[in-house]
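There are 2 protein chains.
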Amino acid sequence: MNDFRFYNPVRIHFGQSSLNKLPKELAAVGKTILLAYGGGSIKRTGLYNRVMAILEDCGKEVVELSGIMPNPRTEKVYEGIELCKKNNVDFILAVGGGSTIDCSKAIAVGACTDRDFWEAFYLNNEAAEAAIPLGVVLTIPATGSEMDRSAVITHWETGVKTDYNSDLIFPKFSILDPTLTYTLPKNQMINGIVDTLSHIWELYFSEPDTDSVTDNLAEALMRSVIAATRVAIKEPEDYIARSNIMWASTVALCGMIGNGKNSDWASHNIEHAISALFDVAHGAGLAVVHPTYMAYFCQNAPERYARYAVNVWGVDPTGKTALEVAREGVQCTRDFFNEIGAPAALTDLGVPESAIDDLVAHTDMGAWAYKKMTQDDVRAILRMAL
Amino acid sequence: MNDFRFYNPVRIHFGQSSLNKLPKELAAVGKTILLAYGGGSIKRTGLYNRVMAILEDCGKEVVELSGIMPNPRTEKVYEGIELCKKNNVDFILAVGGGSTIDCSKAIAVGACTDRDFWEAFYLNNEAAEAAIPLGVVLTIPATGSEMDRSAVITHWETGVKTDYNSDLIFPKFSILDPTLTYTLPKNQMINGIVDTLSHIWELYFSEPDTDSVTDNLAEALMRSVIAATRVAIKEPEDYIARSNIMWASTVALCGMIGNGKNSDWASHNIEHAISALFDVAHGAGLAVVHPTYMAYFCQNAPERYARYAVNVWGVDPTGKTALEVAREGVQCTRDFFNEIGAPAALTDLGVPESAIDDLVAHTDMGAWAYKKMTQDDVRAILRMAL
Numbered sequence: 001m002n003d004f005r006f007y008n009p010v011r012i013h014f015g016q017s018s019l020n021k022l023p024k025e026l027a028a029v030g031k032t033i034l035l036a037y038g039g040g041s042i043k044r045t046g047l048y049n050r051v052m053a054i055l056e057d058c059g060k061e062v063v064e065l066s067g068i069m070p071n072p073r074t075e076k077v078y079e080g081i082e083l084c085k086k087n088n089v090d091f092i093l094a095v096g097g098g099s100t101i102d103c104s105k106a107i108a109v110g111a112c113t114d115r116d117f118w119e120a121f122y123l124n125n126e127a128a129e130a131a132i133p134l135g136v137v138l139t140i141p142a143t144g145s146e147m148d149r150s151a152v153i154t155h156w157e158t159g160v161k162t163d164y165n166s167d168l169i170f171p172k173f174s175i176l177d178p179t180l181t182y183t184l185p186k187n188q189m190i191n192g193i194v195d196t197l198s199h200i201w202e203l204y205f206s207e208p209d210t211d212s213v214t215d216n217l218a219e220a221l222m223r224s225v226i227a228a229t230r231v232a233i234k235e236p237e238d239y240i241a242r243s244n245i246m247w248a249s250t251v252a253l254c255g256m257i258g259n260g261k262n263s264d265w266a267s268h269n270i271e272h273a274i275s276a277l278f279d280v281a282h283g284a285g286l287a288v289v290h291p292t293y294m295a296y297f298c299q300n301a302p303e304r305y306a307r308y309a310v311n312v313w314g315v316d317p318t319g320k321t322a323l324e325v326a327r328e329g330v331q332c333t334r335d336f337f338n339e340i341g342a343p344a345a346l347t348d349l350g351v352p353e354s355a356i357d358d359l360v361a362h363t364d365m366g367a368w369a370y371k372k373m374t375q376d377d378v379r380a381i382l383r384m385a386l
Numbered sequence: 001m002n003d004f005r006f007y008n009p010v011r012i013h014f015g016q017s018s019l020n021k022l023p024k025e026l027a028a029v030g031k032t033i034l035l036a037y038g039g040g041s042i043k044r045t046g047l048y049n050r051v052m053a054i055l056e057d058c059g060k061e062v063v064e065l066s067g068i069m070p071n072p073r074t075e076k077v078y079e080g081i082e083l084c085k086k087n088n089v090d091f092i093l094a095v096g097g098g099s100t101i102d103c104s105k106a107i108a109v110g111a112c113t114d115r116d117f118w119e120a121f122y123l124n125n126e127a128a129e130a131a132i133p134l135g136v137v138l139t140i141p142a143t144g145s146e147m148d149r150s151a152v153i154t155h156w157e158t159g160v161k162t163d164y165n166s167d168l169i170f171p172k173f174s175i176l177d178p179t180l181t182y183t184l185p186k187n188q189m190i191n192g193i194v195d196t197l198s199h200i201w202e203l204y205f206s207e208p209d210t211d212s213v214t215d216n217l218a219e220a221l222m223r224s225v226i227a228a229t230r231v232a233i234k235e236p237e238d239y240i241a242r243s244n245i246m247w248a249s250t251v252a253l254c255g256m257i258g259n260g261k262n263s264d265w266a267s268h269n270i271e272h273a274i275s276a277l278f279d280v281a282h283g284a285g286l287a288v289v290h291p292t293y294m295a296y297f298c299q300n301a302p303e304r305y306a307r308y309a310v311n312v313w314g315v316d317p318t319g320k321t322a323l324e325v326a327r328e329g330v331q332c333t334r335d336f337f338n339e340i341g342a343p344a345a346l347t348d349l350g351v352p353e354s355a356i357d358d359l360v361a362h363t364d365m366g367a368w369a370y371k372k373m374t375q376d377d378v379r380a381i382l383r384m385a386l
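So the sequences go chain by chain: H and D. Note that our numbering has the first sequence beginning at 1, numbered continuously upward. Note that our numbering has the second sequence beginning at 1, numbered continuously upward.
Chain H on its own, in the form it takes in the complex:
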């Protein structure tokens, strides 16, 4: 186990009555609220009206930032920063999924400086000195942003999709009501599940491989996600399955599953290039990239991948080499993604072979596990994924 720091001060309110906790949370914050949300699904589901009624009851003045897109872009962050500065916003309430939350986090730090947020925080990784506090009402279990200190933003013109991390952008609270996910379109649900599993893999498939509490917790979480997904695919309003998916996606990236591990994040980096250039949904990109990455790299850590195969998928290792077991585990992963209808190839995402060199050039090469990843590796993985 590596030395580690674990710190996560987010207050989670989980369950079907959790929205009832919003008034008390709002009572502790200032009068002017930036209400941040996405493309309007919260209006169709009635959540917008419920939240607005609470904000009104609490006597808040509401400034709205709507239309936050998947792979949220710098333009939207600038728009939010301007709204915050102009209206002296005291608190940001993000109602939505990871894109809305990440955009809100970038606004939170960007509105507290006169510097350009992209240059200061995303390109130069400067330490933010202040942030507008923010809270979350989560509608899409996927990114874990509701309980982490990270915000991923895309700079469309330069094709850069990258993250900024700071304790200042931990949400003060996050409200997780599984019933809010009942109406999620199936592809968004699947993308979220892929993202959740991918987060766990990025942590689990990295050294040290010595026996650790963290690895055991990671395997437990993977088994939960897989079992709950099989139920929720068939019964979208199965409360228990939706609860498990929602809570697992949050736990996956709250820090608990990475304690003492090096972590990887290479698959995320390859996917970020795909999203940045083709505006593909993050989970859809990961569904294509991550199993391919596993197939390509599992030979570098056959024992670890074999452990995964046995403990997560129940592969029988009798009479097989570690690498054979490892490859069965990767195949189980692919089979599961096929079973739930996740995309399997770059062409499913509308990404042509001709884009590969550009994708390679846009992939951040700074993250890897077991064996340093080269641009040739990325190229090979993308070709395998065609």
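Calculated from the structure, these hints are not laboratory results. Treat the hints loosely; a few may be bogus.
[What the hints assert, rightly or not] Reference listing, derived: stretches of chain H covered by chain D, where coverage requires no fewer than 3 residues with Cβ under 8 Å from a Cβ of chain D:
1) 9-21
2) 216-226
3) 244-255
[Unchecked claim] Quick list of in silico lysine to aspartate or glutamate cross-link-like pairs, EDC-like style, CA-CA up to 16 Å:
4) D:Lys172 to H:Asp167
5) H:Lys86 to H:Glu56
6) H:Lys21 to D:Glu25
7) D:Lys60 to D:Glu25
8) H:Lys320 to H:Glu303
9) H:Lys31 to H:Glu56
10) D:Lys372 to D:Asp167
11) H:Lys172 to D:Asp167
12) H:Lys371 to H:Glu303
13) D:Lys31 to D:Glu56
14) D:Lys371 to D:Glu207
15) D:Lys21 to H:Asp3
[Stated by the list, open to error] Residues of chain H clear of chain D, computed beta-carbon distances all greater than 12 Å:
16) Asp3
17) Arg50
18) Trp156
19) Lys372
From a predicted model like this one, the values you see are computed outputs, not experimental measurements. Heads up, the beta-carbon is just placed ideally off N, CA and C, and yes, glycines get one too.
Using the hints, position chain D against chain H.
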């Protein structure tokens, strides 16, 4: 899954270099520090000198509260409160195990009121309005107090051992260095492991029993503790085993393993009566009580106990009833405790049969799972444990 709140703002510094984080943590707090510790083992191991050198380097004025006993008593809390008030203590640094931390937490709230701390907080459960901030250097993995909001104190004259809970007594930080546990006497190590498993059981063996992330995480944690204990018993300086034991004991009670569960705590309540009347080490008392409690009550939740037997102990359920499998799981628990040398009977603790009525009378009957516990149940369990 029940609705739940999860909130835990403790900063954990984990690992063999974690004591190096102390100066930075201390830089953020006031000048006068109450250094709280136990019977002097930290002087024998050299930890006292290391911590004092850091405090001196940081320019702190140190007030010492030493001699905090196992099952910390009200007298010691009063002594600490007086020291804090007299010296205007800014921060409490607890160096030790659960007793030292719990005593420090009670001092932290007791020093910020003119009321009697025992009456106000422990008997009347009033909400504390302020607390002196505190930090921890942990030497005994066991109680989880280093990452929770609870403090158990014993009022010796009335034989009451009970807890107080408040967000105000979360430690600001806890330093967890597994190498500090190398010198722990074997019985203290075993008591800590029993306490850790007991915490997980108090949460795991309770409704709802529907599939949940939390139950999967609990099983993972139990397996980690069992595997690491078997190594550490033989190799006390096995860093990986000690790391897993230390981190598992902290995670067990940080809230993550109870999310969405009713919880039980009846075994803890029975043991609290034993500790309060016989000053028995908490873990030693639990080693006797908890497996007996399981054997007595498993018939009320055979499916849950069978799940435990299969998933934690690898019991083969083929051709057996749930209750048969459940009982095998309980037997595995007993066998494991015997294997590691934990006490198995009340008489091992010096508790005679004649004390049973008094123990029953001192047991808080407010906690139970699956079936409401009566005083007759407690009497039967204690008789079985003789």
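The hints, checked one at a time:
Counting residues of the segment 9-21 of chain H whose CB lies closer than 8 Å to any CB of chain D gives 11, which reaches the minimum of 3, so the coverage claim holds. Requiring three or more residues with a Cβ within less than 8 Å of a Cβ of chain D, the coverage given for the segment 216-226 of chain H holds, as 7 such residues are present. By the rule of at least three residues with a Cβ nearer than 8 Å to a Cβ of chain D, the coverage given for the segment 244-255 of chain H holds, with 4 such residues. Restraint check for D:Lys172 and H:Asp167: the C-alpha separation of about 15 Å stays at or below 16 Å, so the hint holds.
Between H:Lys86 and H:Glu56 the alpha-carbon distance is near 21 Å, which puts this suggested pair outside the 16 Å criterion. Between H:Lys21 and D:Glu25 the alpha-carbon distance is near 32 Å, which puts this suggested pair outside the 16 Å criterion. For the suggested pair D:Lys60 and D:Glu25, the alpha carbons sit about 12 Å apart, so the restraint of at most 16 Å is met. Taken as a hint, the H:Lys320 and H:Glu303 pair is honoured in the structure, with Cα atoms around 12 Å apart against an allowance of 16 Å.
The straight-line distance between the Cα atoms of H:Lys31 and H:Glu56 is roughly 11 Å, inside the 16 Å bound, and the hint therefore holds. Distance restraint check for D:Lys372 and D:Asp167: the Cα-Cα separation of roughly 29 Å exceeds the 16 Å cut-off, and the hinted pair is therefore not satisfied. Distance restraint check for H:Lys172 and D:Asp167: the Cα-Cα separation of roughly 15 Å lies within the 16 Å cut-off, and the hinted pair is therefore satisfied. Distance restraint check for H:Lys371 and H:Glu303: the Cα-Cα separation of roughly 14 Å lies within the 16 Å cut-off, and the hinted pair is therefore satisfied.
The straight-line distance between the Cα atoms of D:Lys31 and D:Glu56 is roughly 11 Å, inside the 16 Å bound, and the hint therefore holds. Taking the CA atoms of D:Lys371 and D:Glu207, the gap is near 10 Å; set against the 16 Å cutoff, the hint holds. Restraint check for D:Lys21 and H:Asp3: satisfied, since their Cα atoms lie roughly 11 Å apart, inside the 16 Å limit. Chain D draws H:Asp3 into its interface by the beta-carbon criterion, the shortest separation being 3 Å against a cut-off of 12 Å.
For H:Arg50, the condition that its CB be more than 12 Å from all CB atoms of chain D holds, with the nearest at approximately 17 Å. Distance to chain D confirms H:Trp156 as a non-interface residue, since its nearest Cβ pair spans about 36 Å, more than 12 Å. At the 12 Å boundary, the C-beta of H:Lys372 stays outside the reach of chain D, the nearest C-beta of that chain being 25 Å off.
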